[in-house]
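A.B. asks: So the sequence shown is numbered by UniProt numbering: it starts at 1 and just counts up by one.
Where hints are given, some of them may not hold.
Unchecked claim - Below are the DSS-like pairs computed for lysine-lysine, each with C-alpha atoms no more than 27 Å apart in a straight line:
#1 LYS56 to LYS20
#2 LYS1 to LYS54
#3 LYS110 to LYS20
#4 LYS54 to LYS110
#5 LYS60 to LYS110
#6 LYS60 to LYS1
#7 LYS64 to LYS20
#8 LYS82 to LYS1
Claimed, not checked - So the derived label-pair ranges between C-beta atoms look like this:
#9 PHE12 to VAL73: 29 to 39 Å
#10 LYS1 to GLU87: 14 to 24 Å
#11 ILE117 to GLY3: 28 to 38 Å
#12 LYS54 to SER83: 15 to 25 Å
#13 GLY74 to TRP7: 28 to 38 Å
#14 ILE115 to PRO86: 27 to 37 Å
The hints are simulated quantities; they were obtained by calculation from the structure and are not laboratory data. The structure presented is a predicted model; accordingly, all values stated were derived computationally and were not measured. Ideal placement from N, C-alpha and C gives every residue a C-beta, glycine not left out.
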Amino acid sequence: KPGMTAWVALEFGPDLTPGKKVFVSAATGGVGLIVGQLAKMRGCHVVGSVGKNKEKDLLKDYFKFDEAFNHEVGDNYDEPLKSYFPEGIDIYFDNFGVSRMLDSVLNLIKDHARIVICGMTCQYNNK
1 KPGMTAWVAL EFGPDLTPGK KVFVSAATGG VGLIVGQLAK MRGCHVVGSV GKNKEKDLLK
61 DYFKFDEAFN HEVGDNYDEP LKSYFPEGID IYFDNFGVSR MLDSVLNLIK DHARIVICGM
121 TCQYNNK
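All chains, please: the whole structure from these sequences, using the hints.
C.D. replies: Structure representation (structure tokens):
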């Protein structure tokens, strides 16, 4: 039930008001796509991370995310996040669960921001 998960997490969690800067990790999963759509419907600026380059265009062109980047290219998330969020991040919706990503987000997180931890897709295939 990705739609219900996304809706409940956003409805009862962060303040999604127009102009908020939202970062969604693993944004091409079921929950991530819906989170991005709900945030866009409320007038937020939304950036998503993806695992394949072809998914960047999908997020931007079809699902109307403002920006997207491939989190599988390198371990340094500071540079892409700084370029997309020069004034900081208001809401981080974490579907990915990579501590390096969280470290980079915490460097840019605004005062009174919200972090929603939803999934750990990076761990799903580990035994």
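A.B. asks: Quick check: which numbered hints come out false for this structure?
C.D. replies: 4, 8, 10, 11 and 14
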